[in-house]
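**Student:** Chain by chain, the residues run as shown.
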Amino acid sequence: MRMKKTVQSILSKKTFCSFVIIFTLSIGAYGQTPLKGNVIDDATGEPLSGVSIQVKQGKESTYTNSKGEFVLTTAQPLPVELKINHIGYKPVEITVNDNNHVTVALEEAVNNLNEVVVAALGITREKKSLGYATQKVKGDELTASKETNIVNALAGRIAGVRTTNSQGDMGSARIVIRGETSIAGNNQPLFVIDGVPVDNSQLTAPNVGGGQSRDFKNAIADLNPEDIASLNVLKGPNAAALYGSRAAHGVVLITTKSGKNKQGLGITANIGLTLANVATLTDFQDVFGQGENGEFSYVDGKGGGVNDGADESWGPKLDGRLIPQFHSNGVPVPFVAHPNNVKDFFETGITNDYGVAIAGSDEKYDFRLGANHQKQTGTVPNTEVNKTNLTLHSDYQIHKRIKVGANANYIVTDAPNLPGGSYGQRAAGVMLQFLWFGRQVDMAELKKDYTRNWNNSYYSNPYWRAYYNTTSQDRNRFIGDVHFDISIAEGLNFKFRSGTDYYNDRRKYKIKTGTNGTPDGSYTEDAYTISESNTEALLSYTKKLADDISFDILGGFNVRNNSYANNYQRAPKLAAPDLFTLSNSKDPLESSNYYSRLRVYSGFASAQVGYKDYAYLNLTGRNDISSTLPAQNRSYFYPSITGSIILSQLLGLQGGVLDYAKIRGGWAEVGNDAEPYQLATVYNIQTAFDGNPIQTSSKTKNNPDIKAEKTKSTEIGFEAALFGNRASIDIALYNANSIDQILKVQTSAASGYDYQLINAGKINNKGIEIQLGVVPVKTSKFKWNLDLNYAVNRSKVVELDKEGLLQRYVIGAPSVQIVAAVGEKYGAIFGTAYKRDAQGNIIVDNNGRPKAAAENTILGYYTPEWAGAISNTFTYKRISLSALIDASIGGSIYSGSAQTGYYAGVYPGTLPGRDAEHGGLTFTDANGKTRDDGIIFDGVKEDGSKNTTILSAEDYYKSSYSINEAYIYDASYVKLREIALSYSFSKKTIKKIGLEGLTLSAIVRNVAFLYRTAKHIDPEAALNTSNGAQGYEVLSLPTTRSFGFNVNIKF
Amino acid sequence: MRNIILIFVALAAFSCTDQLNEINANPNATEKPQAAYLLTGVEKQGADLYWGTYYNLSSTLLFVQHWARIQYPEPDRYEFSNTSAELTTLWNTGYATLVTDLNTIIAFPNEEANSNYKGIAQILRSWVFLLLTDTYGDIPYSEVGKTLVPKYDKQQDVYTGLLDELSQAAALLDASNGSISGDVIYKGDVAKWGKLAHSLRLRIALRIADRDDNLAKQTIASLNVADLIASNDETFQFTFGSSPQHNPQSAHFDTRDDYRISKTIVDKLITLNDPRLPVYAQLPSDTSVYIGAGNGLSNSAAQNQGLSKTSLPGAYFLQPNAPAVIYSYSEVLFNLAEAVARTYISGNAEDYYKQAITASLNQFKITNATDINTYLAQPSVQYDAANYKRAIGEQKWIALFGQGPEAFTELRRLDYPQLTAGPASVLEGKIPVRFFYPGTEQSLNKDNHAAAVASQGVDLLTTKLWFDVN
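Quick mapping for you: the protein sequence lines, in order, are chains Y and H.
Quick note on our numbering: the first sequence kicks off at 1 and runs consecutively.
Quick note on our numbering: the second sequence kicks off at 1 and runs consecutively.
Since the hints were derived computationally from the structure, they do not count as laboratory data.
Mixed in with the good hints there might be a few duds.
With a straight-line Cα cutoff of 30 Å, these simulated BS3-like cross-link-like pairs (lysine-lysine) come out [what the hints assert, rightly or not]:
1. Y:K707 with Y:K802
2. Y:K941 with H:K464
3. Y:K762 with H:K146
4. H:K151 with Y:K762
5. Y:K127 with Y:K543
6. H:K146 with Y:K707
7. Y:K257 with Y:K400
8. H:K446 with Y:K744
9. H:K151 with Y:K744
10. Y:K835 with H:K430
11. H:K151 with Y:K699
12. H:K32 with Y:K707
Covered stretches of chain H (chain Y as the covering partner; in silico rule of three or more C-beta atoms under 8 Å from a C-beta of chain Y) [what the hints assert, rightly or not]:
13. 95-107
14. 240-253
15. 304-314
Even for Gly, the Cβ is constructed at its ideal location relative to N, Cα and C.
Here chain Y stands alone, though its shape is the one from the complex (with noise of 0.2 Å):
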């Protein structure tokens, strides 16, 4: 009954949706001219089912079955012509000249009106009616990229995300999309996989030192892209508002493979290595050694010696001069320089990849089970890291109208020891040690002995630290649901799942007894315990209700609960030496605990109301009871309103040049709620005092009154797809306004807290997303598809508090400081700035070096004006060879490093003026001696007269170190981020050796910049992934270049 108004309504449309008209006019066929094949994918050669077969000069019509396979017979004489259409691939003609088997390949439509997409809540909808942009990435890209964090890999590939990552390649990475919404939230989307919400902290404990001495990775890091069959990304609270309060700073929705389509054995498996070395790592000079003054020579490397507790290169010039060294036992032996010493530590980097996956499924049931283990050793020495994911992906129809099914993955992550971060401090830092250096230092000699040092004030031998200095991870995590579908009646259905997801994470940290800096040496235990569980319940119903008008509806229930425990405990001081064991503590232990639950009932729903299939409306509606809020305000609505119109069908403009065109836009509001624990003002216990509790202010006071933050954003956009969908547009402005913002406001210590918690604050964020796709050439067996995107976004912090107090919100203060100041951009840069004239001339003082104002100021922006990327992939017949270049223009970064390496003088920054042949001036210093090493510092002094004093290149280098301004540099970048290429085998090949495909894939990642100012760093770096530490740089280790290669085969 409803098909066949369907059919009418189509009818009258005439050239729309012409597979259904199709499917009507088969039924009744009858024939005598038996036809036989299969449909696969185009570009992944998986088998297509539920394709529409037609003879086209008669009306006999079929589908094609779960294998992708057809069996018709027509009336028709041969040759037969039959037309073959499928959502979202391009439709085709084929003739058809005997009865053998045929194998049709559909390629995939680019905008095509039908294209189906994942929206919030897993709910599919036509790409058309969508009042929003979402956009989507293909497993198969992620999985090339043979990145171990998969938000690395999604670095310049969709418009308006922008990825930074933090500490070579096994740390945590942070993903933004469309500029930070939140002053002091995360900003980071939610991630679902398959109806999941699954956590992406980077769990560090509050308050511990050796807690943040490794840059643990975040959460989603655990997945394995091998396992990822399409990724789509919803960018905002207009897409997104239904999946509730962490839906203003996006959704990354991942459906992972399953066994649907499956061909053959349904076996694929999958080898691959990638090789990593480091691509980042600074020049150093290579003309002077360690030391003080020009002097240096080495007894105990802790100041027994001359200079040889100095952990600087401002020593004697490496000449090959005498001098007695760490190595050689007080006899004087040649002071040269070892260039690649600091090189020559890192190793090659190996990542191995064993995965192999069964998929089947037939009328009733389809399942995939997959398993990966990769082991990846680091390019810092003793790193190694393993995972191993066993997944499974089930459905069964177990009734007609009742479908179950269960999804599974277990990941266990087992990493015997990460590379030391930036905050690995003296005991574990990578970099630390090499920045603060001797640049005579022979490597090779460090390795012979452990024990040796070149420098024992402030390091153990870097070897020592590696081997010895271990941090060890365990992270055992389970993501799974069970769900159901019983279709109640016609247009009416009925959905249930409940899932969760939990893991256990480990953290063991040794020092060894003997450490410079911990000479007892320590052992630390920090564990945590995270789960979040989902139980949601949807009923549905579609109908037509007149011939021009449809609608869904949909309501649901969800309950949610957050669990996240930790547990730190730490011998400060071991006993016996070497002994890693808690209770082997000399003094008593540090520990501490801290638990947290928080619950969310919402219930929520939409509608959609399509007229003639080329206008939709669409509103949502949600509302939430937190647990964080108190009773008064814990119950919160926020609405949705999104609409779209297909301009070519509404205005009959299809044809010629232009195939489609849509116009869309959207209001959307989302609401958010607190952290656990944010009401009441509570006091912290210390450890007793001699049998007497201590009990002192958290320092922050909480909020009773605290009502939820809400995000509104505006959203307009236009879609078009040219000249037969050889060139689409999409184009989106936003306009999001974060208001009643929940702030843990750091205030004047002299307020009585150093934290008060207000509900106030005013962000907006505005931009623009334009993604371009081309394919310039295209013939039989070459084609070039081009694809562009572009983002802007601007950011502004409109106020802090109600009343006006407060300027400036300190995000992060690692040591400048990172803050959000009323009416300025996001994410500023603050701190000390030089002392200025009003001409700009640099102020210095009477001994000639320079001033710092007194008062900071902005020194930058960490937020880029723009970013955008350019892919091209060239296919060739079998062969794909693709190119990624991303860039990020605008932002500044603050490096910690530079300070450190030119204050130390391994810089090559700090020859000029070290000696005459360097451009020193002569002069005769403070203790009469001449030297010949004089520079001056290029300002002015108070009475504006030019600066004349001649400064030691040493104390020249010296002198801005506290000086903020001074280490600031530009964070524009163009990288040519991928180079791909890679060969799938004719099935006809392959066929023979019992294969059913066979593709080998080598893949170059972050092959080189193409643009930087900032040459000793990888400007994209950043210190971990909260807010607070975007923009800032310090110590970090080297990022790499990576060789892949993958050979992916299916039984």
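Got chain Y sorted already, so can you dock chain H onto it with the hints?
**Tutor:** Chain H in isolation, oriented as in the chain Y frame:
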């Protein structure tokens, strides 16, 4: 649509309020403070601050040249920024921990804290405010804890306010008002707290003496000497425990080797044949004479002095349970000597001066009467009525060894001994006379900070404070 959704969630809303409240009850900390616990916390954390790495070791102890840095001598050259922990810790801990916890005690209803708790809290709070104003100058005082952006009170008003507060606090104390627990310094002896209150009034009166002679005189004249700290047993000091609750100076040397005793004080002690030298300093491992390290040297010059060729601070100071002396009997006596010298009270200044030195020697376990008298008899040690500031200044400076914050303030006020900034120091030959306001104040309390700077002078280490006349 809203209504539809509300129906969906209404049931949950009604049935779950209690449950949600329970879920949001914080299991990690208590909402209920207790006076005794807060008091222990303030005493412990106050001592950690006053005797700690930042406020003492790497700032004031270097400024007064009691100690010197032999490694990483940047702080010894006064290379600080307004975010340096050395200069911000007093502010942050002083206000957000100490003053706030003490305000909590003061605000308790009487059932939860008797008036003795409140009197002690007010005395301790006055001590914290005194440290803050001595160090920064104009500070938030009258509006602390009352607004997000408290105004800065003038230093004069702070001192005057504290004199009043201490009188009020002393009046709250009476053994009959109830017992005190959690007091790890005076073990609940409120009489001793009363003596501390009056002794602090004496200290503050002298602070303002060069500016407000009348109030100083009036205050000190009203004091009864018998109400002051009257013996070394009554010295206000916090005695630390064992690791990790040990003395911060001791804790620092557990893992680091950055400090030596300053050449300035070693040379002075040698000149004076001072019996405190072996207490204040250790013999270097390579020599049998005491050798101090220079202040304010370049990194290489500092290191080249040799870790094994220079004297560590005395073992007395580096033992885990060494006390954090906050107000010594000896200081009371020096203050009385000065009060006499200023003719605020009658008496014999020289006697007080000698008693003060004797008390100091006793404090460091030098009790042999002959040795003490020999020391006192030296012309170089004798009281100088013509220049009491010199005599008192020098001896007080020696007596306050290790107690950087007080030594720093008295050095600025008395102007003796006259120290010279280290050769590589960066303040054009000057020694700091205050701390920067924390850089965060520029962000978080912008207008009030600006007003304070406009009133007091540029926010520099060399801007003199109101009390510091010369």
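**Student:** A separate judgement is required for each hint: does it hold in the structure or not?
**Tutor:** Tested hints:
Of the pairs offered as hints, the one joining K707 (chain Y) and K802 (chain Y) holds, with about 15 Å between alpha carbons and a cut-off of 30 Å not exceeded. In summary, the hint linking K941 (chain Y) to K464 (chain H) is supported, as the alpha carbons are separated by about 23 Å, within the 30 Å threshold. Simply put, K762 (chain Y) and K146 (chain H) have alpha-carbon atoms about 25 Å apart, close enough for the 30 Å limit, and the pair holds. With a C-alpha separation of about 26 Å, the suggested pairing of K151 (chain H) with K762 (chain Y) holds against the 30 Å cut-off.
The suggested pairing of K127 (chain Y) with K543 (chain Y) holds, with an alpha-carbon distance near 19 Å, which does not exceed 30 Å. Between the alpha carbons of K146 (chain H) and K707 (chain Y) the distance comes to roughly 23 Å, so the proposed pair stays at or under 30 Å and holds. In summary, the hint linking K257 (chain Y) to K400 (chain Y) is supported, as the alpha carbons are separated by about 24 Å, within the 30 Å threshold. Simply put, K446 (chain H) and K744 (chain Y) have alpha-carbon atoms about 18 Å apart, close enough for the 30 Å limit, and the pair holds.
About 22 Å separates the Cα atoms of K151 (chain H) and K744 (chain Y), which keeps this hinted pair within 30 Å; it holds. A distance of roughly 20 Å separates the Cα atoms of K835 (chain Y) and K430 (chain H); the hinted pair therefore holds under the 30 Å criterion. Using a Cα cut-off of 30 Å, the hinted pair K151 (chain H) and K699 (chain Y) holds, with the two alpha carbons roughly 20 Å apart. Our distance criterion of 30 Å between C-alpha atoms is met by K32 (chain H) and K707 (chain Y), whose separation comes to about 24 Å.
Residue count for the region 95-107 of chain H with a Cβ under 8 Å from a Cβ of chain Y: 8. That meets the three needed, and the coverage hint holds. Figure legend: the region 240-253 of chain H, annotated as covered by chain Y; annotation consistent (4 residues with Cβ-Cβ distances under 8 Å, at least 3 required). Figure legend: the region 304-314 of chain H, annotated as covered by chain Y; annotation consistent (4 residues with Cβ-Cβ distances under 8 Å, at least 3 required).
Violation of the numbered hints given earlier is absent; every hint is satisfied by the structure.
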